[in-house]
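Residues in the sequence shown are numbered consecutively from 64, following the numbering used here.
Since the hints were derived computationally from the structure, they do not count as laboratory data. The structure presented is a predicted model; accordingly, all values stated were derived computationally and were not measured. No false leads were slipped in.
Here are the simulated lysine-lysine pairs, DSSO-like style, with alpha carbons at most 30 Å apart:
no.: 1; residue 1: Lys187; residue 2: Lys143
no.: 2; residue 1: Lys154; residue 2: Lys120
no.: 3; residue 1: Lys175; residue 2: Lys145
no.: 4; residue 1: Lys175; residue 2: Lys154
no.: 5; residue 1: Lys187; residue 2: Lys157
no.: 6; residue 1: Lys143; residue 2: Lys154
no.: 7; residue 1: Lys157; residue 2: Lys175
no.: 8; residue 1: Lys143; residue 2: Lys120
FRET-style restraints, in silico, Cβ to Cβ:
no.: 9; residue 1: Arg173; residue 2: Ile86; range: 43 to 49 Å
no.: 10; residue 1: Asp106; residue 2: Thr179; range: 33 to 39 Å
no.: 11; residue 1: Ser104; residue 2: Thr192; range: 41 to 47 Å
no.: 12; residue 1: Ile86; residue 2: Lys157; range: 47 to 53 Å
no.: 13; residue 1: Ser133; residue 2: Asp106; range: 42 to 48 Å
no.: 14; residue 1: Glu118; residue 2: Asn182; range: 18 to 24 Å
Beta carbons are placed, not taken as given, at the ideal position from N, Cα and C, and that holds for glycine.
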Amino acid sequence: MMVIDNTGNRISRPVFTGSVAPIRSGRKDRTDSRQDTASVSFDSILKQKQSEGGEIKFSRHAEYRLRSRSISLTPAQRDKMKEAVAKAESKGVKDTLVLMDDLAFVVNIRNKTVITAVNSNELKENVFTNIDGAVIV
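Based on the provided sequences and hints, a complete structural model is requested.
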C-alpha cells in the first residue's frame, strides 16, 4: 500500500501518530441499554405466551355453532379437549377431528383453535373434510 504525505513524499508504510485504542461512543451504551430492556420485555412476553400455549381457543364460527346448537363444555370436557389436542400434536396432525361424548370438534392443532362443533343430532350422515387425523376421547 502506498501513501503520500502532506509534502508529496511517498510513504511505503502508514505512519501512526498517537496511540491505538478502541473507539468508545456514548451512543453504543444507549443502544445496549435499549437492547437489554427490549430483551427483558421479549423474554417476559415469550414466557407469558408459552404458559398460555395450552389453552384451547374457539373461532368465531365455532362459538356461533356452540350457541346455536346449545352446546356447553364442562371444565372436564375442556381438559379432555386439551389432552386430545396434545395427542394429535405429538403425532404431527395439523387438523383433527375430536370425538368426545356425543360431540365432534374440528380443531386446528397449530393454532390450538376449535374451528367448528357438532352435536349428536347432526353427527349422523355427516362428512368431515380437511382433516388429517382423528382423536376419540
